[in-house]
Amino acid sequence: MGYIWGGIKQAIALIIQLDPEVVEIVWTSVKLSTISTLLASIIGIPGGIAVSKIDFKGKYLFDTILNTLLSLPTVVVGLAVYSLISYRGPLGQLELLFTGKGIILGQVILILPIIVALVRNAIHEIDDRIYDTAISLGATGTQRFRLLISEARYGIMGAVVAGYGRVIGEVGVSMMLGGNIRRVTRTITTAIALETNKGRFSFGIALGLILLSISFIVNFLIYYLQTGDKE
Amino acid sequence: MKKKEIILKAENVTKYYGQEKVLDIEQFNLYQNAFNFLLGANGSGKTTLLRILSLVDKDYNGQLSYCGKEINKQESELLNLRRKFSVIWQEPYLYNKSVADNIGLPLKLRKKSKNCIKNKVAELAKELKISHLLDKNSKQLSGGEKQKVSIARALITEPEILFIDEPTTNLDYKSNQFFNELFTKLVAKGVTILLITHDLYQIEKLAEYITILKQGKIVINEHKEQVLNEGELEGNNIIGQKLVFA
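For the record, the sequence lines run as chains A and B. Residues in the first sequence are numbered from 42 upward in steps of one, following my numbering. Residues in the second sequence are numbered from 121 upward in steps of one, following my numbering.
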């Protein structure tokens with residue numbers, strides 16, 4: 042047990058001293074995850090609204106596939122994107138492998154189904170009376186759409202935060218597509234795996250504590266947003 | 121008895137839900153600056169007709185006319201007319217905002233200034249005795265309070281026609297009386313009201329024109345006195361009896 046406590050003490054010291062390597066890794070993780078979440082949200086929010094409002098042939102099958110994709114294993118996404126962007130793959134010329142852009146591409150694919158599905162659910166949960174009410178109040182088509190988004194705002198924000206929570210903690214995509222390159226693609230999760238293997242236990246714990254704190258904040262936000270519309 | 125002008129007319133209006141014809145109106149007249157009552161048993165098509173007349177539902181066959189002019193279903197024309205109407209729903213939906221924002225919403229949609237909205241909301245809330253609710257979130261309100269807020273929201277645009285679907289379901293006796301008086305004052309000021317109700321007291325006291333629907337068809341669409349003259353019974357009994365048979 043002694044080495045665990047010792048590791049924790051050293052980890053806390055690393056965090057308090059704002060160890061430059063720790064800061065750099067955390068910054069890379071936060072930066073990549075934020076960009077991935079933003080891009081996935083730009084596609085996923087309109088996508089989720091469209092899926093909830095538009096009826097089309099095969100929608101049941103589409104919904105089933107979408108629900109299945111919610112639990113996509115990160116290494117499977119990593120593998121699929123790797124096969125596309127590796128030097129022999131169809132997108133090899135873009136030279137995305139082992140770059141931040143490569144990680145972002147994989148993470149967007151990973152969380153896109155989550156954001157689409159959760160936004161779809163958020164729109165479904167809205168009371169149908171909102172439409173008649175908006176029309177009778179004299180809202181234009183655009184104003185009706187804005188009112189719809191406004192009513193679903195907590196659910197939509199919850200979907201975005203859930204997506205962020207998924208990418209900040211994933212390891213498969215970052216490892217396979219980023220290659221864990223120091224100062225370029227080394228994220229919190231890939232660094233924990235590497236440094237612990239190298240015997241830098243306290244460094245791994247420091248990153249683990251930071252990741253845990255981020256996860257706590259993300260979950261707190263999700264809980265807050267889920268209860269926000271039931272004030 | 122001088123007949124009033126017709127402000128809204130429906131001719132040969134039919135509405136289907138799937139294969140089922142739920143509304144089959146040969147002619148319906150809504151009389152201007154009058155208290156029009158729409159009566160009928162549950163499922164007779166009252167709310168369906170109200171949704172069509174208030175232009176909320178445009179998925180129907182037939183022709184509506186406003187002040188003698190045919191209404192086409194172009195969105196811009198519908199929007200212009202909808203902004204002259206207001207609807208008070210039986211189960212009102214309030215947005216997840218403050219009461220003040222809910223009441224001011226129709227004015228915001230019409231791009232009125234913030235100051236104008238604020239002043240009108242405060243003025244109307246005072247008149248309807250709901251000033252104490254303005255800062256609350258709509259989710260915190262009781263059923264009756266929600267209904268009062270929805271009434272304020274409907275009145276803030278000073279509509280020409282007010283469609284009201286069983287407004288008193290959630291209100292206590294005192295509030296009921298208050299709003300009956302308010303609606304009467306509105307009619308006196310020139311507003312046209314179409315009210316769906318089962319309340320015989322309201323019918324007896326307030327109704328000017330009465331429409332009775334039976335299985336989607338109009339049985340009566342006349343002045344109350346004319347309806348009463350048709351029978352031997354007095355007061356609301358004749359209407360009540362017609363309703364029973366409707």
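Everything labelled a hint here was simulated from the structure, so no lab data went into it. Take the hints with a grain of salt, since some may be wrong.
Dumping the calculated DSSO-like pairs for lysine-lysine here, alpha-carbon to alpha-carbon at most 30 Å [as the list claims (entries may be wrong)]:
{"#": "1", "chain 1": "A", "residue 1": "K94", "chain 2": "B", "residue 2": "K129"}
{"#": "2", "chain 1": "B", "residue 1": "K129", "chain 2": "B", "residue 2": "K178"}
{"#": "3", "chain 1": "B", "residue 1": "K337", "chain 2": "B", "residue 2": "K259"}
{"#": "4", "chain 1": "B", "residue 1": "K217", "chain 2": "B", "residue 2": "K246"}
{"#": "5", "chain 1": "B", "residue 1": "K246", "chain 2": "A", "residue 2": "K94"}
{"#": "6", "chain 1": "B", "residue 1": "K217", "chain 2": "A", "residue 2": "K100"}
Each hint tested on the structure:
1. A:K94 x B:K129: Outside the cut-off at roughly 33 Å; violated.
2. B:K129 x B:K178: holds, 15 Å
3. B:K337 x B:K259: Status violated; Cα separation ~38 Å.
4. B:K217 x B:K246: Answer holds: K217 of chain B to K246 of chain B is near 19 Å, not above 30 Å.
5. B:K246 x A:K94: This hinted pair is violated, its Cα atoms lying about 40 Å apart.
6. B:K217 x A:K100: violated, 33 Å
Checked against the numbered hints given earlier, the structure breaks hints 1, 3, 5, 6 and satisfies all the rest.
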